[in-house]
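Note that the protein sequences, when read in sequence, are chains C and X. Using the numbering used here, the first residue of the first sequence is number 30, and each one after it goes up by one. Using the numbering used here, the first residue of the second sequence is number 30, and each one after it goes up by one.
Calculated from the structure, these hints are not laboratory results. This one's a predicted model, so the numbers in the text were calculated from it and none came from an experiment. Mixed in with the good hints there might be a few duds.
Since copy identity is lost for identical chains, a pair holds within one copy or between any two.
[What the hints assert, rightly or not] Taking lysine to any residue and the SDA-like style, the derived pairs with C-alpha atoms no more than 20 Å apart in a straight line are:
1) K104 - S73
2) K290 - S129
3) K216 - R157
4) K104 - P193
5) K104 - S185
Residues per chain are reported as follows:
2 protein chains.
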Amino acid sequence: MIEEQKTTLAQLRVSIEAELADFLGERSAYLESISSDLAPVAHSLSSFLLDGGKRLRPLFAYSAFVGAGGVSDKKIIRAISSLELLQACALIHDDLMDGSDTRRGKPSIHRHFETLHQKEEMEGFAQRYGMAAAVLLGDLALVLSDQMLNSAGLDSAQMHSVLPVHDEMRVELMAGQFLDIHEQTQKNTSVDRSLKIARYKSGKYTIERPLHIGSSLAVTNLNSRKKLDDAYSAYGLPLGEAFQLRDDLLGVFGDPAVTGKPAGDDLREGKRTVLVAMTLDNSSPSAIVRFMNSFGSNDLSAADVEILREIITESGARTRVEELIDSRTSSALEALRHGGITPTGQALLTELAALSTRRSM
Amino acid sequence: MIEEQKTTLAQLRVSIEAELADFLGERSAYLESISSDLAPVAHSLSSFLLDGGKRLRPLFAYSAFVGAGGVSDKKIIRAISSLELLQACALIHDDLMDGSDTRRGKPSIHRHFETLHQKEEMEGFAQRYGMAAAVLLGDLALVLSDQMLNSAGLDSAQMHSVLPVHDEMRVELMAGQFLDIHEQTQKNTSVDRSLKIARYKSGKYTIERPLHIGSSLAVTNLNSRKKLDDAYSAYGLPLGEAFQLRDDLLGVFGDPAVTGKPAGDDLREGKRTVLVAMTLDNSSPSAIVRFMNSFGSNDLSAADVEILREIITESGARTRVEELIDSRTSSALEALRHGGITPTGQALLTELAALSTRRSM
Numbered sequence: 030m031i032e033e034q035k036t037t038l039a040q041l042r043v044s045i046e047a048e049l050a051d052f053l054g055e056r057s058a059y060l061e062s063i064s065s066d067l068a069p070v071a072h073s074l075s076s077f078l079l080d081g082g083k084r085l086r087p088l089f090a091y092s093a094f095v096g097a098g099g100v101s102d103k104k105i106i107r108a109i110s111s112l113e114l115l116q117a118c119a120l121i122h123d124d125l126m127d128g129s130d131t132r133r134g135k136p137s138i139h140r141h142f143e144t145l146h147q148k149e150e151m152e153g154f155a156q157r158y159g160m161a162a163a164v165l166l167g168d169l170a171l172v173l174s175d176q177m178l179n180s181a182g183l184d185s186a187q188m189h190s191v192l193p194v195h196d197e198m199r200v201e202l203m204a205g206q207f208l209d210i211h212e213q214t215q216k217n218t219s220v221d222r223s224l225k226i227a228r229y230k231s232g233k234y235t236i237e238r239p240l241h242i243g244s245s246l247a248v249t250n251l252n253s254r255k256k257l258d259d260a261y262s263a264y265g266l267p268l269g270e271a272f273q274l275r276d277d278l279l280g281v282f283g284d285p286a287v288t289g290k291p292a293g294d295d296l297r298e299g300k301r302t303v304l305v306a307m308t309l310d311n312s313s314p315s316a317i318v319r320f321m322n323s324f325g326s327n328d329l330s331a332a333d334v335e336i337l338r339e340i341i342t343e344s345g346a347r348t349r350v351e352e353l354i355d356s357r358t359s360s361a362l363e364a365l366r367h368g369g370i371t372p373t374g375q376a377l378l379t380e381l382a383a384l385s386t387r388r389s390m
Numbered sequence: 030m031i032e033e034q035k036t037t038l039a040q041l042r043v044s045i046e047a048e049l050a051d052f053l054g055e056r057s058a059y060l061e062s063i064s065s066d067l068a069p070v071a072h073s074l075s076s077f078l079l080d081g082g083k084r085l086r087p088l089f090a091y092s093a094f095v096g097a098g099g100v101s102d103k104k105i106i107r108a109i110s111s112l113e114l115l116q117a118c119a120l121i122h123d124d125l126m127d128g129s130d131t132r133r134g135k136p137s138i139h140r141h142f143e144t145l146h147q148k149e150e151m152e153g154f155a156q157r158y159g160m161a162a163a164v165l166l167g168d169l170a171l172v173l174s175d176q177m178l179n180s181a182g183l184d185s186a187q188m189h190s191v192l193p194v195h196d197e198m199r200v201e202l203m204a205g206q207f208l209d210i211h212e213q214t215q216k217n218t219s220v221d222r223s224l225k226i227a228r229y230k231s232g233k234y235t236i237e238r239p240l241h242i243g244s245s246l247a248v249t250n251l252n253s254r255k256k257l258d259d260a261y262s263a264y265g266l267p268l269g270e271a272f273q274l275r276d277d278l279l280g281v282f283g284d285p286a287v288t289g290k291p292a293g294d295d296l297r298e299g300k301r302t303v304l305v306a307m308t309l310d311n312s313s314p315s316a317i318v319r320f321m322n323s324f325g326s327n328d329l330s331a332a333d334v335e336i337l338r339e340i341i342t343e344s345g346a347r348t349r350v351e352e353l354i355d356s357r358t359s360s361a362l363e364a365l366r367h368g369g370i371t372p373t374g375q376a377l378l379t380e381l382a383a384l385s386t387r388r389s390m
């Protein structure tokens, strides 16, 4: 049974990637027909989209669609694949805002265009060109995600049903992103504030709303899917928090070979997460001083990273975050038994819960 | 007759602003209900949208709707008003990419948040916070524009008709924006390349596509509006170029009291426009050396600006651009007589042609 589900998710990923490749191939040809100067834009966006990614958001949407009794076809796969383009916008702009050099082991978009500027000895400032290119590639990915969804061939009832959820999700995403960058400017950390950010950035955007998108495509009447959507929220919100908490742990303790980011990257960025807020809430004054001394320094050595990791572990924050992940994931799985989710949907969502919170992600 | 049309455009502007105020009021309340930390986001986006602007894109869309025989109602006004939110995204991101300090005489969004960071003595770097806020406010404006359009209450036929045009317009906008920032990195200027950028940024995005959006809302069958859309293209593309060329002239010769930007701002930015390309194509080698010596310098004095203006005028580029504006505008007005545009539509579009290319804009 487990094996069969794995094949299904893997097959789905292949279908999602085929739709993305098809859509991006056609759009790239169009962009290059406007001007050959747009070739680097088309290429870098395509390789950003096609060279990796777990496809979590489309997979959640698909599973919720099946869980709502939907029978999938090419149109559905195409519609849900558009979520990957929205996510590309979020990641490209996120890397720019965080000043991250890499994404999945390759240069981030702003760094890529900065390097292009230097290599081709262009006029003006390389850094500004990289920034502008990342702003525009993110914007382009966002409008392309809409275009892919709107042109997927959904019928009028499905469009009327899915668009309000899709729009709300994107407003929540931008709100969560702003709260996140704003949090980095605060004098004090707060577990509550960081949990709210996790709720908007991941609970809602990554999981709950993709599930609602899936159910809205299967059951176009809002009242008819109310019970189902409630169950999806009860599964999605805690699982999304667990997903974000795992991401926070990986940003500090993750293996670069797996994360595609340098070791301890979040420590270098000084990223205020639930993990960091818990560390500061539960450390001695001298440990806090030592922590804040190097937390957020651009030039952290491997030894500095190790010291910060030790303070986090010794404060008990690492264990508490692991416990939170476990309890949130258990709540999520418990919710799957309610709301009338089909057995196939339950099986897929059980597997996705494991996939989105596992240690080696 | 002229007076009556003026009243109509002014009344329309009031209706557009009322729809924007209503939508943004509700959305601001929602954002602040998520967190009071989102209040500065809601406030600055609302004041950006409501404190000015000519509302050109909604006015073009409305005029084309009426020109196609449509009878307007609240839903139509709401749908076309969403174009102002898209334009807000374009301007916020544009100011960030250009490093512009002001917009309509007030600080640009990135500068506003940079100052907020300094005033409230937040942690981290003010410049980075300003940049991130501008990226996210632009993104938010973009998704809100979609939400406003999608929730305007259009019927299924109108949605099916308008979404493909709307999506294509946004891809063209991002393509034009990229070509524009890329142009600034080239070793040589080119009148042809700059005209292509004007075509995408203004011909298509500012005028042709808003017109097609208007006609798609009035006549939902693509074949039935083919002749009309062709007439709108024949009007919109040359008029859009004329609009961009006027903008280029204002960026160099405009009165700060009218433009809301410092005198000669485009010269300080080193913006490569059709005007600049024509200047360099028609100046003596020594004039070119003098021009390039201060063009694009951040610390241009009033005297430097005057010298650059003289070189532009002496090259004949200023006169040639004025001539181009006249001939493009004439072509546009000539096209209004074809395609079966209603007399009311023709009158509105004639007035808009004057409004969008006039010297004192």
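How the hints compare with the structure:
no., hint, verdict
1, K104 - S73, "neither (26 Å within a copy, 39 Å between copies)"
2, K290 - S129, "within (9 Å within a copy, 33 Å between copies)"
3, K216 - R157, "between (29 Å within a copy, 17 Å between copies)"
4, K104 - P193, "both (19 Å within a copy, 16 Å between copies)"
5, K104 - S185, "both (13 Å within a copy, 18 Å between copies)"
Figure legend: structure checked against the earlier numbered hints; the only hint not met is number 1.
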